[in-house]
Each structure stands twice: as C-alpha cells, then as structure tokens.
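Asks: Based on the provided sequences and hints, a complete structural model is requested.
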Amino acid sequence: MHADPKGVLTGVHFLDGDHACCEGTLAAGARFSAGYPITPSTEVVERFASRIPTVGGIFIQMEDELAASIAIQGAVWGGAKAFTVTSGPGFSLMMEHLGYAAMTETPCVFVNVQRGGPSTGLPTLPAQADMMQARWGSHGDYGIIALCPNSPQECFDLTVTAFNLAEEFRVPVMMMLDECVGHMTEKVVIPEAERIQVTPRRYTKRQPADFRLYEPLADQVPDMVRAGEGYRFHVTGLTHDDRGYPSMNVETQDRHVRRLQDKLKPLANGRALSETENLEDAEVVVVSYGITSRVAQRALQLARQQGIRAGKFRLISAWPFPEARIAELAGRVKAFVVPELNLGQMVHEVARAAAGKAKVMPVTHAGGGVHPPETILNAIVEAVR
Amino acid sequence: MNETTLEVPYEIPVDAHNPVEPFLRMDRMPHIWCPGCGIGTTVNCFTRALLDSKADLDKVAIVSGIGCTGRVAGYASLDSFHTTHGRAIPFATGLKLANPELQVVVYSGDGDLFAIGGNHFIHAARRNMDLKVICVNNLTYAMTGGQTAPTTPSHVISATSPYGVFEPAFNLVALAEAAGASYVARWTTYHVKQLARSMEEVLKKKGFCFIEVLSPCPTLYQRRNKMGDGLDTMKFYKQASKVRHGAPTSECALTKSGEIVVGKFVDRDRPGYFELLNAQMTETLGERYAEPEVVCGNC
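The listed protein sequences correspond, in order, to chains W and P. Quick note on numbering: my numbering labels position 63 of the first sequence as 63, and the sequence is numbered without any gaps. Quick note on numbering: my numbering labels position 95 of the second sequence as 95, and the sequence is numbered without any gaps.
Just so you know, not all the hints are guaranteed correct.
Claimed, not checked - Derived pair list, reagent style DMTMM-like, types lysine to aspartate or glutamate, alpha-carbon separation capped at 20 Å: (1) Lys263(W) <-> Glu323(W); (2) Lys205(W) <-> Asp58(P); (3) Lys59(P) <-> Glu229(W); (4) Lys6(W) <-> Glu293(P); (5) Lys264(P) <-> Glu251(P).
I should point out that these hints are in silico values taken from the structure, not numbers from a laboratory. For clarity, every value in this text was computed on a predicted model and none was experimentally measured.
Replies: Shown next as structure tokens:
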C-alpha cells in the first residue's frame with residue numbers, strides 16, 4: 001500500500017534527525033502520538049504537535065512516560081498507528097509497557113534518542129548505552145525489533161520501515177537514535193507518497209464467530225481486529241490462549257512465549273538490515289551502528305590507506321541480532337572491532353555469534369562525545385597485528 | 001425474569017441461568033471472586049445499566065487495570081482490555097482519542113486507580129476526558145492478600161498494617177471533584193438500584209464521570225477486622241449509609257465504622273477534551289484544521 005499523501009512532506013529538506021523521524025511517522029501513517037518531554041528527543045513530538053492538526057490526528061502530552069507508552073497502545077487497538085518518543089530515564093519508565101506491547105502483540109513504535117546514563121546522566125549529550133535495555137529491559141522473554149539510523153535521511157526512511165515491521169510482525173519496534181543523529185542537520189529527501197510503501201494493519205477477514213484473536217497464521221503472527229467492530233475480543237497482559245483468555249499453565253506459557261521470539265526469526269538472518277563495505281577481502285571487520293558508524297568510516301579509510309584489509313559491517317537492524325551473518329564472517333576474518341558509545345553492549349552479541357572463531361575487540365566510550373577516529377584505527381591495527 | 005418488564009434488545013438463550021449471561025463471557029465461568037465479594041454485584045448493576053441505556057454493545061469498550069476488580073474486563077462480553085497495574089486510564093485515553101465513537105468504560109479497583117494510577121486519574125479528570133470510571137472500593141489490596149491501600153481507613157488492620165493503619169486515607173469523591181470530574185457519585189453494593197441508575201446516567205453523560213462503589217472483601221478486609229461476612233457487611237451498609245445527594249464531597253470521607261454518605265454529589269457540564277481541542281485549533285488554524293476522525297492512517 002502507498003503512503004497517504006496527506007502526511008507526506010514530499011521534497012528536499014534540511015532537517016535534523018528528530019524532525020526527519022517525525023516526518024517518517026507521518027509518512028508511515030501514524031496519526032496518534034502520546035509523549036512526555038525529555039531531552040534530546042522532544043523535537044520529534046514538538047514537530048508532530050505542530051503538523052498533526054492539519055493532517056488529521058492526535059498528539060497528546062501525557063502526565064508521564066508510563067501514560068504515554070500505554071496510551072499509544074490504546075490508540076492502536078482503537079485503530080490508529082501510534083508511537084511515543086523518549087530518552088534514557090523515560091525509556092526506563094516505558095519498559096513495563098514495552099513488555100505489554102510484546103505480550104499483547106500490539107504493533108507500535110518507540111523512538112529512543114539515546115543520551116548518557118545511567119539515571120539522569122548527560123541529558124544533552126550522546127550515548128548508545130540503551131541497546132541491551134531495548135532488547136531485555138522488560139521482564140520475561142520476548143522479542144523486539146530495534147533499528148539504528150546514522151543520518152537524518154535514515155531517521156526518515158527507517159521510521160517508515162519501523163512502522164511497517166511493527167505491523168507485519170505485530171511487535172513493538174524501537175528506533176534507537178542517539179543525540180548526535182537526532183540533532184545533526186543534513187539533507188533529507190522525502191519521496192512522493194506513491195513511492196513510499198506502507199504496510200497496512202493485518203486485519204482479519206474472518207467473521208467474529210470464526211475469529212480467534214491470538215491464533216497464529218503460517219508466519220506465526222496472528223491477525224488483528226480493532227475495537228468497535230463487533231468482535232467483542234479480549235486483550236490481556238496475562239499469559240493467554242488463542243482466544244486471548246488468561247491461561248495459567250505451563251503448556252500455554254511455553255507455546256505463547258516461544259512464539260513471541262520465534263516469529264522474528266526471519267529478521268535475525270535473511271532479512272536483517274545492514275550496510276557493508278569491503279567484506280570480500282577483509283581480515284578485520286568493524287561492526288558499528290548509529291553515530292559511531294560514521295566515526296568508524298574515517299577509521300576504516302585510514303586503515304585501508306595503511307594497507308590493512310578492513311571491512312565494514314554496519315548494523316541497521318540491531319535486534320534481532322544478525323548472528324548468522326556475523327558467524328559466517330567469523331569463519332574468514334581475523335578479528336572484529338566493535339566501537340560503541342557504551343562500555344560494551346552489542347560487542348557481547350558479536351562475540352557470541354563469532355563463537356571464538358575470530359578475535360572480538362570492544363572499543364568502549366562512556367558517552368558524552370564520540371570516539372576519535374584514531375582510537376578505532378588503533379584497535380584495527382592492534383586487531384591485525 | 002418475571003419482574004423484568006424492560007425491552008430486552010438481545011436474545012436470552014433458552015438455557016440461560018441468568019438474564020445477564022449475554023453480557024458475560026460464559027465460557028470463562030466460574031469467575032475468580034470469593035463468596036460474599038461485591039464485585040459481581042457491581043457487574044450485575046453494570047449489565048443492567050447497559051441494558052437500560054440501550055447502549056450499542058459493539059461500541060462499548062471496557063478497560064481494567066490489575067487486581068480483583070481488574071478482572072471485570074475479562075468477564076465482560078465487550079471489547080475488553082486487561083491492561084497493566086494502574087494504567088487503565090491512560091490506555092483508555094488513547095483508545096477514546098483514536099476512536100471517539102467508542103463508549104469507553106474504565107472498571108478497576110481503589111488500589112489500582114488511586115495508588116499506582118492516581119496521577120492518571122487526576123489528569124484524565126482535569127482534561128475532562130470522556131471516560132466513565134467505575135471504582136470498586138473494597139478498601140484494600142485484595143488480589144495480593146489484603147495490604148493497606150490509600151483508601152484503607154485509620155485503625156483498620158491489614159496485612160501490611162498489623163498494628164493498625166495510621167496514615168490518613170483518600171476521600172475519593174472529594175479528589176474526583178477537585179480534579180475536575182463532571183459527575184461524581186458514591187454507592188455501596190447494598191444500593192443496587194441506585195448504582196445501576198448512576199451507571200446508566202454516566203453512560204449517557206459526556207465527560208469524565210466517576211462512580212465509587214463501596215464493596216465488601218470478606219476474605220481479607222472484614223475477616224481480619226472481625227467485621228463479619230458479606231451479609232454482615234450488607235447489613236452494615238444498610239445501617240450506616242445515608243443518602244445525601246449534592247452533599248459537599250469534603251464532608252464525605254469514610255471511616256472504619258462511621259456513617260457512609262452516598263448519593264450523587266457532582267453533576268456539572270464542563271467542555272470535554274474534543275470540544276476544547278476543536279475550538280482551539282479552529283481558532284488558531286481556521287480552515288487548515290483537519291478534525292481528527294476515527295484515526296487510521298493506513299489501516
């Protein structure tokens with residue numbers, strides 16, 4: 001399905017990542033947002049609040065992040081595409097409802113413009129330290145999707161992708177920006193509406209009497225309904241059977257919770273989103289994402305100038321982690337270098353996928369700035385020594 | 001059924017044991033509530049209100065939080081949502097805003113709505129969000145074993161106040177009025193006719209409406225405080241209640257064994273959320289304003 005032209009600001013723009021992300025939500029068909037102000041993410045909803053009254057939809061500033069992250073889910077079951085936006089401390093508060101969205105298979109998007117933590121941390125400065133929280137932050141087992149743009153253009157493009165994946169897999173999708181990407185201003189090209197693909201909600205074609213709200217289809221994802229259509233359905237955060245009714249037993253728990261993870265398997269491998277360069281002859285591969293991938297680009301250039309066969313693997317979909325790709329590379333390279341604006345998070349996934357077949361070197365940074373390219377270069381040099 | 005002379009706009013199955021069965025998910029019976037608990041009584045009143053208000057049941061959604069009353073959504077044969085602890089109101093807010101043609105009822109307990117969810121309650125009332133909030137107040141956290149709630153009266157013994165509660169309790173009706181609710185009433189599970197009528201009234205009224213229903217928890221509250229069983233509590237409600245419509249809510253605080261002021265305290269008209277939104281946007285944006293429909297970008 002094509003985007004609704006009402007929401008698409010076709011043209012060439014000079015936008016920062018937060019504003020481009022907002023345009024992505026509108027192009028994707030989001031007509032509902034609930035938010036709570038927090039630096040450095042607020043520009044996304046500020047723009048949405050300014051744009052939505054002429055497009056047709058709702059922005060509501062809620063009383064806190066708990067409210068924002070559940071209001072969007074009420075809106076989704078009412079029929080809207082919906083999202084919320086936050087940063088570190090707010091992301092922590094939203095964790096319970098991330099779990100609710102995963103458990104109830106409510107398609108929605110959480111935008112997290114990462115800043116330095118823990119706690120109040122560095123409100124105006126970058127970090128990439130919420131990557132594990134995005135994956136594991138709510139209690140229990142479940143699967144989510146997380147995308148990491150590294151430019152304002154990608155903030156637009158991937159936000160559309162985020163909504164599309166949320167609808168296809170019925171999961172919460174996280175847009176993991178960082179303060180640098182959120183606040184950097186660059187050229188953003190927004191195509192015409194008919195050139196933007198959007199995934200419609202997978203509404204059931206079955207009649208109420210034949211419909212079971214959580215009966216998975218062949219792709220392990222159930223079809224959906226919205227309130228007010230006569231289905232008289234029930235949604236609960238309790239473990240539930242195919243009818244959506246609470247079911248407190250080992251078998252239902254096992255079937256349901258495994259499916260919440262398994263349905264995302266296609267994205268872990270074949271459909272993982274990444275950007276690669278010079279992997280054919282690489283002896284060392286830099287795995288990076290977000291703003292760090294742009295710093296790493298310079299380090300890779302310098303390494304090649306020194307004759308080091310360095311390749312690039314940029315994670316665009318960080319979760320599910322593309323472990324098959326990394327495992328394959330591990331069999332033919334000496335080492336992975338993993339720079340991140342944290343003290344080591346995705347590097348653990350790289351190490352797990354590499355399974356000892358290649359050296360894995362973290363390049364850590366506690367946040368508040370970006371790595372000097374030389375730091376990454378030094379790690380590359382060290383890795384091939 | 002004999003004394004029901006109302007029009008019944010739905011079909012009662014011939015093998016039905018009770019005329020409210022079409023409103024309930026009978027495939028989920030028996031329910032989890034204890035003998036003597038008042039929640040079922042309130043559900044009965046609610047079904048009667050739905051019937052009397054001639055509501056289109058396909059357009060009524062019910063949202064609950066967590067706790068004993070939180071289970072109401074799961075038994076109602078409506079579009080029903082059992083959300084997270086304390087967050088029924090913000091979920092309902094999103095549901096209503098995205099799909100304004102729905103009649104959205106929030107049905108939850110005192111701990112859920114006024115401790116963990118207290119902030120959401122006052123803000124939804126402030127916005128005059130078009131939600132009908134029914135709070136079954138059993139004066140305790142029942143699902144988790146009878147701990148002290150913000151509604152538990154002084155001197156009551158609870159699982160977490162073994163020597164008696166000393167913190168002052170919330171007066172829910174005063175709180176609701178102060179926060180801006182359009183309609184505020186209190187009944188007990190003894191007042192089934194009045195409660196059903198109040199519920200019917202709020203289903204027909206616009207804006208943020210609040211009904212507090214005092215309800216026994218014989219298993220945890222009455223037993224621990226040697227106040228008898230469910231029937232004894234009905235007798236207490238009958239003897240202690242005084243109907244005072246329009247009473248100042250500040251005079252309606254509850255105590256352990258004192259007078260229970262019941263009635264309709266507030267029934268006022270304040271502009272609702274959509275009214276205010278549309279007025280403001282029309283004033284500032286004029287014809288450029290696109291009034292939100294049933295929100296559905298590309299669904």
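Asks: Confirm or reject each hint.
Replies: Hints, one by one, checked against the model:
For the suggested pair Lys263(W) and Glu323(W), the alpha carbons sit about 16 Å apart, so the restraint of at most 20 Å is met. Proposed proximity of Lys205(W) and Asp58(P) is supported: the alpha carbons are some 18 Å apart, at most 20 Å. As the CA atoms of Lys59(P) and Glu229(W) are separated by approximately 7 Å, the hinted pair is consistent with the 20 Å bound. Under the criterion of a C-alpha separation no larger than 20 Å, the hint pairing Lys6(W) with Glu293(P) is consistent with the structure, at around 14 Å.
Restraint check for Lys264(P) and Glu251(P): the C-alpha separation of about 13 Å stays at or below 20 Å, so the hint holds.
Hint compliance for this structure: no hint is broken.
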